[in-house]
Structures are given as structure tokens and as C-alpha cells.
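2 protein chains.
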Amino acid sequence: RIVELIKAHFEPKNLPLKGKKVVVTAGPTRERIDPVRYISNFSSGKMGYSMAEAAASLGAETILISGPVSLDKPAGVKVVNVESAADMFEAVRAEYEDATIVIKSAAVADYRPAEIHTQKIKKSDDDSVIELARTTDILQTLGEWKEDQILVGFAAETENVIENGKGKLQRKNLDFIIVNDVTDPGGGFGSDTNVVTLISENGTYHPYSSMPKKELATVLLQAIVQEEGLDTNNDS
Amino acid sequence: RIVELIKAHFEPKNLPLKGKKVVVTAGPTRERIDPVRYISNFSSGKMGYSMAEAAASLGAETILISGPVSLDKPAGVKVVNVESAADMFEAVRAEYEDATIVIKSAAVADYRPAEIHTQKIKKSDDDSVIELARTTDILQTLGEWKEDQILVGFAAETENVIENGKGKLQRKNLDFIIVNDVTDPGGGFGSDTNVVTLISENGTYHPYSSMPKKELATVLLQAIVQEEGLDTNNDS
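Taken in sequence, the protein lines are chains A and B.
Just so we're aligned: 175 in this note's numbering is position 175 of the first sequence, and the numbers increase by one with no gaps anywhere.
Just so we're aligned: 1091 in this note's numbering is position 91 of the second sequence, and the numbers increase by one with no gaps anywhere.
If you're looking for bench data, these hints aren't it; they were derived computationally from the structure.
Check before you lean on any hint, since a few could be wrong.
Claimed, not checked - Short derived list, chain A residues pointing at chain B, Cβ under 7 angstroms:
1. Ser70
2. Tyr111
3. Lys123
4. Asp127
5. Val129
6. Leu132
The structure presented is a predicted model; accordingly, all values stated were derived computationally and were not measured.
The C-beta atom is built at its ideal place from N, Cα and C for all residues, glycine as well.
All chains should be built: construct the whole structure from the sequences, respecting the hints.
Now the structure itself:
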């Protein structure tokens, strides 16, 4: 299996991310409407948790900033739990400056309720609306702040998957984007497998076949490490 | 402990709900906005799962209609999984007619997005709104349809807890309502303990102190069984 080959290649003599800090975000965010209701999304966090586990296994000091999920903490990883998009932004900002690689796999809410009610809203017989305000675009902001960080984004798309992904990579000043079609039966939210294409800022493409998320995470991180030359300039 | 006393009283010679069907709903519902986003609430399902477990332990044929939760299936209970308020209504309707007791502990969405988008909504720079439509009021409808069923509702309130609960009991034609203050530190959503008052349609009150939800479920169900005389007319 490919994952064993990769492990055999790197271990124990070569840990290409040793001494480097990798920050991974994972899971959904929850945006409160009132004390009991919220808006969220179907992200399970599995892909991000797998990326964090892979980073730790390649020797990185790994920080996993996680929205609410039902997953066990990966071994060798520091987990920071957050709820809302605003919490997520604060936690990422605190870890960004000295990070070597930042992998933004969380499905952060684009919108939050404009007002959070402090009491449970009583229902009435009428229809209603929730007024929404934009959250801070974390990936956009990290792209603007970027110095030496390798910034990796995800695009969960339901149509024009590759084009939307490439557009996002350029617009957000990313180094890599991992695009997948969440409607593909071989992958997506909640699934244990995923079908993705890794696109680099240099224009290289890696369309991967359906793989378990844990195996895919190692493959993706190894490709990023190679493309950035982190395996050859490693001082360990 | 009270739960052991109750068990000793009923078992093995006396299973007051033997041959009777108890339907319990539990957990939140999820109302989809588009293929990846939804509106939900913080209900953990613990109280409903505990009520179902207690019903089964008192001998009932128990049907648990459950929204998305992270809980193990209770022993001796048939679980029907649902997602939305509309799914929940269909599932309850199918089980209602021959039920002896119906316990509506699910936190069903009062509102759903008026339109479910089939593609992921692309974000724009603008603020936005979600137009909402009322869901069917399941408890109200069951109250209108009620023949011999014993109908038990829950009220999760953040203010005027008892008054709001009594109003709901009368308005919805319930036999019992279990009211709790979800802002009380000794109970509420996600907690393993709960502080509730059981109010009957006859005007009796049982204000219970903070108890683990599993123990509380047995206490509540036993109080309902006694008040309805199900323990004395039992033909088993």
C-alpha cells in the first residue's frame, strides 16, 4: 500500500517536517441564532483530522484548530477547540506567524446571524427571516498576510469543480488548493473516502483516485513537501 | 438510590408497560439551506434516549424516532432515524394511532428555510437573508388528533419557565409537560443532568431536583404510569 511505502521512505531516518510547525483547521463552525439554535454545515472534520495526523507523523509540531466534531484527538497533535467563525479566526491568527504550513480544511461559515438573541426566540404563526452578515474571510486574510507560510486551502464544490478551485487559489493567494466535488459518491462530507485534485500555484495538477481520507492526507502532505523542497533542505 | 427502589418495585414481577407501545422522539432536527449548510439546535438527544431506555425497562414496546445525534442505540428499543422536521412528522404519524404513551422530547425546528437550494450557494460580499417558513407543529397536531394516547411534551425555556410550560400544555392539549430551564447550570442541552418540573393536565406538580438524565427518565415515566393508573390496570 502506498501509505506504507511513504512511511518506509520517511521513517525513521527522515522526518521532513521535524522542527516545523503545521497548523490545520478542521470541522464546521456553528453560528448561533439564539441560546438554542444555530447555523452549521455537514463537515465531519475527518479530512482535517487526517491531515493533522499525517503532519505529526512527518515530524511536525502540529496544531489542530477544530470546530465541533465527533472525532478522537489524533496522537501527537495539540487540539484547540472553537465554535464560531470568529473564534476560528482568533485561534488561527494566534498560530499563523511562525507556521511553515497552514492547511485550512475547516468549513467555516461565510455568514452568521446579524444579531444573536440572548433569549430563545418564541415562534409565531408567521414566516420569518434570519438577517445574515458576512464573517471575516479567514483564507483571504491569511493570503493577504502571507510571508513565508505555505498556505493550503480546500474547495468543496458542487459544480465546475476545477475552475472554481483554480479561481479560489488565485483570488486568495494560496500555494495549493485541494478541490473536491462534494456530490461525488466516492467522497465528500461525512464520507471516509475522498476524491480530490491537488492544484499548486505553479500550475501542477495531481488528480487522485478515491482513497481513504487518512491515506489521502499522507499522499497530499507528501506531495506538498516534495513540491516545496522541504524533503531536501531538511536540517534534521 | 431511588432508581434501584423503582426497579426493585417493578421487576421482575411487574412490568407496567408490558404489551403497550411507547413512542419517544429525541434529538434536534436539521433543516437544509443547501447541500452543505443547515439550521439546527443544541439538543443532544440524551433526555429522549434515556426516556426510551426507561420505557423499555418498564416492559414497553418502544419506538425511538431520533434526529441526528452521537449516542448509542438503547437496548431493546427500535430506532427510526430522521433528519428534518418533515421527516420527523412522517415518522411520528406512522406510529401514533396505536401508541399508549407518546413522549415528544425532540427539539424540532419551528422554522425551515423557505427554499432548499440544490447547489451550494456562492457567497458574495453582501449581507444576505434566509427566508424561513413555519414547519408543521407536530405536538399541536398530535394534540388535535388525540384519542386515548397519553401525550407528553417538553418545554425548553430560558425565561418564565413554569408559566410558559403550563400555557403550552393547555394550548397543545397535552396530558403532561416536562419543563426545564435550559439556562440552569444543573441541566439543559448537552448536559448529563437535568432539573425539571413535571406538570400534569390535572394540575399536579412534581418539581424534581438535579438528577442524571437516565435516573430522571425512570422517575418521570414512573410518575406518569402512576398518575395514569397504568400500574394497577395492568393485565400482565
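Checklist entry - For the hint on A:Leu132, does the least C-beta distance to chain B fall short of 7 angstroms? => result The hint holds - A:Leu132 has a Cβ within 7 angstroms of chain B, the shortest such distance being about 5 angstroms.
Next on the checklist: Interface hint check: A:Lys123, Cβ to nearest Cβ on chain B, cutoff 7 angstroms. Holds or violated?
Outcome noted: holds, 4 angstroms
Checklist entry - Does A:Val129 pass the interface check with chain B, least Cβ-Cβ distance below 7 angstroms? => result holds, 5 angstroms
Checklist entry - Is the interface hint for A:Ser70 satisfied, with its Cβ closer than 7 angstroms to some Cβ of chain B? => result Because about 5 angstroms separates A:Ser70 from the closest Cβ in chain B, which is inside the 7 angstroms limit, the hint holds.
Checklist entry - Can we keep the A:Tyr111 interface hint, with Cβ of chain B closer than 7 angstroms? => result holds, 6 angstroms
Item to check | Hint check: 7 angstroms Cβ-Cβ cutoff, A:Asp127 to chain B | outcome: holds, 5 angstroms
Hint violations for this structure: none, all hints satisfied.
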